[in-house]
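Colleague: Next come the chains, spelled out residue by residue.
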Amino acid sequence: MAQDGKNTTLGQDFEAARDGWQGAYEKQLPDEEKRHNRSGIEVKPLYTPEDWSSDDYMPDLGFPGDAPYTRGIYPTMHRGRSWTQRQLIGLATPEDYNARMRRIVDSGATALSMIPCNSFYRGFDADEVDIEILGTCGTTINTVDDMETCLAGVPIGDISIALNDPSPFTLLAFLLSVAKRRNVSWDRISGTSNQSDYISHYVANHMFFRLALGGARRLFVDHVQFVNERLPMWNPVSVVGQHMQQSGATPAEAMAFTLASAIQYAEDCQARGLDVDTFLPRFTFFFDISISFFEEIAKFRAGRRIWARLAKERLGAKDPRAWRFKFHAQTSGVDLTRQQPLNNIARTTTQAIAGILGGLQ
Amino acid sequence: MNTSVETETTEMSPQIAALSRPPKVMVTKIGLDGHDRGSRLVASFLRDAGMEVIYTGPWQEVATVVNQAAQEDVDCIGVSSLATDHLLVPKLMTALRNAGLDDTIVIVGGIVPDEDEKMLKQEGVAAVFHSGSSRADIVDGIADLIIKRRKELGE
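Order-wise, the sequence lines are chains L and U. Heads up, the first sequence is in this note's numbering, so the first residue is 9 and it goes up one at a time. Heads up, the second sequence is in this note's numbering, so the first residue is 36 and it goes up one at a time.
Because the hints were derived from the structure by calculation, they are not lab data. Backbone N, C-alpha and C fix where the C-beta goes; we use that ideal spot for every residue, glycine too. Among the hints, a few may not be true.
What the hints assert, rightly or not - Here are the simulated distance ranges between beta carbons:
hint, chain 1, residue 1, chain 2, residue 2, range
1, U, 106, L, 103, 41 to 49 Å
2, U, 156, L, 92, 25 to 33 Å
3, U, 132, L, 42, 53 to 61 Å
Given these sequences and hints, build the entire structure.
Modeller: Here it is in structure tokens:
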């Protein structure tokens, strides 16, 4: 956006060249309609130094690893440490899960994920649901023994574990019980309660049946408090924008709604009397990456900048770790089509690169 | 906005318009999976094509679907499946027969492996629409099945 009275030193050559280009452009495309990205923001045919001001550099961009982190939350970003790749696993019986996971660990995976069966999602025990669908899209985990089987041979004190469930609290309790049985200190249990963000399930996946929103928020604060007190290496939440974007939100809307959820959770924690500099550094985020390449990169950069300011100015966090917008992302199935499997590989690659250039970790 | 949202309305086919009452289709999901985007989309296709649609939402039990199909007197039940919930369709077919609803057409749409499609056809499922089916394929396919069935029933 042009800044009035700024960057006026580009000179007459610039102005003449700009006017010449504009004339040529309008001559060749006299009836061009304005173009917009998926978020409805106009995309101009060309951007020049007139569109920004060097005065904005420090407040809006700055350097990687410095607030507002627009260019990345770490000074070295992917040159220092490559992004984590985590394969989602969840199938059949605990034995089947264990076999698949060990194969992945043996192949060099540094992080695990666990997806329980839909029966678990819905709050049923395994013997309460139709056998035909039991364990067909997640692992049947009903007891600590099941979790023990799932994690047999896995060094749970040395590997990061993501628990994927709309309320991962029971899974975490199982995991901690396994740690206790094995004499592994809870200080060493690391990972994330993925999808403990119930607001996203409520608004985007209409899971009204599971918990009332008020109760879910209370449970969430209980979870944050427990994790803060007992599990120094555990992230209690990954605030989810992916569900919203897959449900039709534009990239800008998905980012906005996700930040709104995070503010809600943070303020709920503060209302409980929790210290913002203790709980906020362990908030993480999870997003969708569509094929709108530049827009997705811009979405992540904007998210980082907005979060840094929100954390500092609105939530009052003083610890810079709380200002850092940590997130993971998933490529989008919405942009794929069954008829073109090979094109889908290229599409997914494009999405993944947008996420990487957008600074995911 | 350059995102093209389809706004054109499908014209009702003369075949459907000629029927004494519009085709009545229940669009449902049985089982435990909540991925309902496909079922919502198909429900809107069918409605736009002039059919009467009963949309149940996901997480339905077989007994509920059968009960509702009887009360609404639907021509066809469309079961949407993304995550293996179509494996419950044999139970649905049995329950429909037990309820005397043998003449209700059952179709399945979504992610259905080839071997499962064979099994479903053997169980009496009239058609399986995979992801990637066009709107015309789905609308015309269902309309043809219903028109044929009504003729068989002497309507």
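Colleague: Of all the hints numbered above, which does this structure not satisfy? Sort the numbers upward.
Modeller: Number 2 - this is the single hint that the structure violates.
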